[in-house]
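Asks: Listed below, chain by chain, are the residues.
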Amino acid sequence: MRRSRIDLAVIGAGPAGLAAAIAAAKAGVGRIALFERQTEPGGILQQCIHNGFGLYYFREELTGPEYAQRFIDRLTDYPQIHLQTASTVVKITPQREIYVVNEQTGIRYYQAKAIILAMGCRERPRGALKIPGTRPAGIFTAGTVQQLMNIYGLAPGKEAVILGSGDIGLIMARRLTLEGIKVRAVVEILPCSTGLKRNLVQCLEDFSIPLYLRHTVTRINGEKRLTSVTVAPVNQDLQPIKEQAFTLPCDTLILSVGLIPENELSLMAGVELDPVTKGPLLTSTYQTTVPGIFACGNVAHVHDLVDDVSIEGEITGQAAAAFLNGESPTEPYIPLRTGRNIRTVVPQYVSLSNTTTLYIRPLFPEEDVTLKVGPATRRFKAVTPGETIRFRFDPTQLKSKPEKIPVSLEVETCD
Amino acid sequence: MTKLTCIVCPLGCQITVADPKMSGELHITGHRCVRGRTYAQTEITTPRRVLTAVVAIENSPRLLPVKTDRPLPKELLFTAMEEVKGIRVKLPVKVGTVLRANLAGSDVNLVASKNMA
Ligand code: SF4
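Note that the protein sequences, when read in sequence, are chains A and B. Numbering follows numbering that gives the first Met the number 0, in which position 376 of the first sequence is assigned residue number 375; successive positions increment by one, without gaps. Numbering follows numbering that gives the first Met the number 0, in which position 87 of the second sequence is assigned residue number 86; successive positions increment by one, without gaps.
Looking at chain A on its own, in the form it has when it is part of the complex (with noise of 0.2 angstroms):
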């Protein structure tokens, strides 16, 4: 087998890969081998058709191919990044070997000196949920569906029910009524959606798409194809009360439940995950525990905005390319401790000579409250699991170095 040693490897052409190759190139690093599975480039963004991208990060409304057309064009500039797609990156070992495999090309093997994880995430599937019932066609994840028209122009079946209110599942809800499809209801199991309130007006409202929150799907039904499934509201402990259990006709089920970092390829470097973002654990600068591994994007943690995925994205290019010109770094990283209405917190250590952008997701929605990062705070009208905070934490602020800095959202006031 031939070996190839290069400066990077960036495993995923999506949003995070691209930002973070670009970002390294312009750092300096030279050989960069972007390795992407697909045929092209952008990720998950080509079939996501739909506009509201780039509000933050190109201070205009994009749809998802536009905004990937935009890092792929930058990479015409850049003729140290290697772009190699329909190559899937099947193995990743800690001393930063690579296996890639490529129809035309066989199985080829990398050394590199830095890798950038980069692979995204992928859907909770039915078999996450544990929905009793047959086991028919007709269900499919919300991504797949989306995957089906935007790409392929199927559709997946006539009239659908969609599990689950994230913003994907309420994005497909609008395509599939646009494109002649009934949606016959949104099936929400909290009391409250998980998607953007901006896409539960156009996408939903819109169309009068009826939303049942507090409600589950409790049973599939049909034989060859889906016929039917069982509804039912579901009580404190989210269990369904079934006397009142009623049935909507479909021949589809469209599942948006949920998304999990994709991190098989990261366990094999041995980079050790977070058990709850089920991302690496990572430092300010986007280092796994893994010296010269980094990750970012989806596959660190799930994110509401696009935007976002490219400046962590950015971030991480520029310190593996530091990491690669020797400033690795040798301050310590003080751990964040989650605390009260905290579900997740990334990075999950911060430096102590750099502000850092911390990525916060609530655990249930509030109102009126503090949210303490260390000495620091910031009250906050509402917070929803469905909103990731995004908070600036500045260690000057420390008084003296922590063992822990705990991170929490309270409801008295401070000050």
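Simulated from the structure, these hints should not be mistaken for laboratory data. All figures in this text were calculated on a predicted structure; none of them were measured in a lab. Glycine included, every Cβ here is placed at the ideal spot set by N, Cα and C. Any given hint could be a false lead.
So, partial list: chain A residues that the calculated Cβ filter (under 8 angstroms) puts toward chain B [stated by the list, open to error]:
| hint | residue |
| --- | --- |
| 1 | G152 |
| 2 | K196 |
| 3 | R197 |
| 4 | V200 |
| 5 | L266 |
| 6 | L304 |
Stretch by stretch, here's where chain B covers chain A in the computed footprint (C-beta under 8 angstroms, at least three residues) [what the hints assert, rightly or not]:
| hint | stretch |
| --- | --- |
| 7 | 47-59 |
| 8 | 63-69 |
We have chain A; now place chain B with the ligand onto it with these hints.
Replies: For chain B with the ligand alone, coordinates are given in the frame of chain A:
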């Protein structure tokens, strides 16, 4: 009084428009920026939405993602979709190439949202 959710950015401000029809001047509150005010004004009179879809490409199984270059009056969304379904595009196209001017008889154009050759 009308309550609206601004859809211009992910913040989704709750906007209140007082007596939209009674007095001439709209009393708009709750928006965090000027774009929200403009949104509320149009939303009360003629709501508009950006339409995105995919169109067929001549002699190719691939699809081209498209969008309207400005928001389209909401009531024209389905008429516009019917028209979009009939379009066959000749490559190459670039982001912004106009594929159909005055979509559904409106004042907006359908444009390509991807470079394809
Ligand atoms: S009013 Fe401004 S800040 Fe609020 S949702 Fe609309 S565009 Fe965003």
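Asks: If a hint holds in the structure, say so; if it does not, say that too.
Replies: Hint by hint, here is what the structure shows:
Satisfaction of the interface hint for G152 of chain A is found here, the shortest Cβ-Cβ separation to chain B being roughly 5 angstroms, below the 8 angstroms cut-off. Hint status for K196 of chain A relative to chain B: holds, with the closest Cβ pair at about 3 angstroms, below 8 angstroms. Annotation: interface hint on R197 of chain A holds; nearest CB of chain B at approximately 4 angstroms, less than 8 angstroms. Among the interface hints, the one on V200 of chain A holds; its C-beta lies about 5 angstroms from the nearest C-beta in chain B, closer than the 8 angstroms criterion.
For L266 of chain A, the shortest C-beta to C-beta distance to chain B is roughly 32 angstroms, which exceeds 8 angstroms, and the interface hint is violated. About 6 angstroms separates the beta-carbon of L304 of chain A from the nearest beta-carbon of chain B, less than 8 angstroms, and the hint is met. Note: the stretch 47-59 of chain A has 5 residues with beta-carbon separation from chain B under 8 angstroms; the three-residue rule is met and the coverage holds. Under a criterion of three residues with beta carbons nearer than 8 angstroms to beta carbons of chain B, the stated coverage of the stretch 63-69 of chain A is upheld, 4 such residues being counted.
Hint 5 alone, counting from the list given before, is not met by this structure.
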